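Please build the complete structure, drawing on both the sequences and the hints.
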Amino acid sequence: MLQMNNIKKVFRTDLVETHALRDFSLQVEEGEFVAVTGPSGSGKTTFLNITGMLETFDGGTYMLDGQDVKGLNDKQRSRLRNEKIGFIFQSFNLIPDLNLFDNVDVPLRYRGFSSKERKQRIENALERVGLSARLKHLPSQLSGGQQQRVAIARALAGEPRFLLADEPTGNLDSLMARQVMQLLEEINQQGTTIIMVTHDSELARRAHRNIHIVDGQVSDYQDLQPVLEVAEA
Amino acid sequence: MFKYYLMLSWLSVKRTPMLTALMVLAIGLGISVTMTVLTVNYLMGKDPIPEKSHQLFHVQLYTYGKDRSNPRSADGYPYQVTYQDAMNLSRSEIPNRKTRSLQTGYSVIPSSSDSSPFMETARAIDSDFFAMFKVPFIYGGAWESSVDTKAKQVVVLGKEINDRLFKGENSVGKQVNLNSNLYTVVGVIDDWQPAIHYYDLNNNHFGDTQQIFVPFSLLPVLELPSWGNNNGWKTETINTYQDKLNSEQMWNQFWVELESPQQKEKFQAWLEGYVEQQKQLGRFEHENAGGSLKDVVEWMDYNNVVSDDNTILVGLAFMFLAVCLINTIGLLLAKFLRRAPEVGVRRALGASQGEIFVQHLVDVGLIGLAGGTLGLLLGQLGLWGIKQLYANYHQLVYMDMTLVVLAILIAIGSSVVAGLYPAWKICRTNPSIYLKIQ
Ligand SMILES: Nc1ncnc2c1ncn2[C@@H]1O[C@H](COP(=O)(O)OP(=O)(O)O)[C@@H](O)[C@H]1O
Ligand SMILES: [Mg+2]
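Protein chains in written order, with my numbering: chain A, 1 to 233; chain B, 1001 to 1438.
Keep in mind that the hints were calculated from the coordinates and are not lab data. Predicted, not measured: the structure shown is a model, and the values here were computed from it. A virtual CB, placed ideally from N, CA and C, is assigned to each residue, including glycine. Errors might be hidden in some of the hints.
Unchecked claim - Here are the simulated distance ranges between beta carbons:
1) B:F1320 / A:Q217: 53 to 61 Å
2) B:F1320 / A:P96: 21 to 29 Å
3) A:R134 / B:F1002: 26 to 34 Å
Here you go:
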């Protein structure tokens, strides 16, 4: 469970002060699939980064699984991120000179698993995204959709409670985008809470809940639960 | 985790081979210069006979007249002793071993007529000299101690001259013609090349050791000349060799071996008694008149074996290393910042700042190791160059294990120091900046 109350984030440069988030409040329940939409520059990425503790904030409170994030030091935050959060990015962000196996291995290394356990998890994760035959391939040898699936495998290998996706389909054509979306839905059904930033309203509609951010604030949200129920029916 | 970091470092080397090569070269150059200078300095200052350097004492006597002193020595004592003092000192029964010593020289006349005579420095000493300074023999040994009082024309040869005169055969019992006098060979010593001629710091500190050793007792008999320093302070008329022996000229050296502090104390007391006695006889008129014992290490220190110039050179070498390292810092920053996006990903996946920091330090350590190895190789080249330039230094230009380990440690240590700032910088950067795509 994730709860933000009156979060404030200001970026200061020599010339300007940007209020990326203001009075931002949000609660996400266990198992939800939340789609975040909003115009460019409205603060969506900032929100995800704060959620993933990659970015600090200037005011308000943020509780992650009942823990107040504000009081944690870098090591504790990194640990928490490593154990509970998986990240997926628009540009995949695979490490170019590591093969698929070693890419998926990255979060597990910081977790301190034994090599046997890591191997097991890597193979499972790549299997889950349908790429278990390509352990030794480099990212550059894959298509965009495949790379994003590797990134998803990497995010999932440590079995995080939350998956944060920043426009995961933004660089993919619509067919690949739908495949990735399908994969995310499966993952969500198995219990992982997902927060996904997207521009694609069609994909957003498939989530349980839509949050619209304008100018650093949640402007409104539509509960799409009924739509989903219809789809499932 | 360390193995993981090593693997990542290797990948990063492969990704930026040129940049890495430049850094290895910078560190290698710095290390090679530092190690070349340090090697010479270290071997100069190294205890040449650690197992007994605190039992061998060089004896000095303040024999000057009123208002006289040695302006170059730290305590005003003369470096050498007079012949009469050398004779008197050798009468003390307290030391286990003792030797008078003088650098002299000969014209060596080979027996076969096809080789021509040559000049060779020699050392006139007592029989104890060899055991005191642990001189190794191949054939025979020192002459009998009775020769120290009753002169005999015997000689101990160095390996090199024995090779030359006798083709390396056992020459004990054979005869050598020195200055047209025949000497009987009693021993041949092995190649004995202490880096420092600590047993005679009045003459050259470095270089080849003597190849001819003869009894000191031959001095008055054959009137052996001094081939070393002579110092005098008194106006004396010296016409004959006998005049020189009776004079206040200082041209001999005296060493004793004293096993324990008690023995040293006893000998020191004996020395003071001797000084008193000489005062009665009208010598030692200076108010500081006395005797001084300095062990090998003190004696080397006293003679500035490692000169200030050398120390300055070491300082300069380390400064050069610092310049190389500053360059390395710049290159490291470039290398690390290029990797910032990857660091961003690692941070997002749960790496802490500490883990990123250590990963980069391992990276730098590896570069340091490579730089150190290169530095050692280049350092050998530097030492070889010194050897070509200064023949006297050839005992001072090899790296022992201590130096090799030291070189690697300095290389890794200094590159890690150079890497601290870049590693700190990269681990502190905000990962979100490198993850964002607008
Ligand atoms: N590191 C930063 N420094 C300064 N301004 C920033 C930084 N990151 C984001 N911003 C600003 O904050 C606002 C929100 O950015 P962002 O969260 O990336 O928006 P979105 O993801 O919705 O496009 C924008 O005006 C952006 O320019
Ligand atoms: Mg964004």
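### Outcome of range test on Cβ distance (B:F1320, A:Q217; 53 to 61 Å)
The hinted range 53 to 61 Å holds for B:F1320 and A:Q217, with Cβ atoms some 60 Å apart.
### Distance restraint evaluation - B:F1320, A:P96, Cβ atoms, bounds 21 to 29 Å
violated (38 Å)
### Task
Given the hint of 26 to 34 Å, check if A:R134 and B:F1002 actually sit that far apart at their C-beta atoms.
Distance hint for A:R134, B:F1002 holds at roughly 29 Å.
In terms of the numbered hints stated before, the structure departs from hint 2 and from no other.
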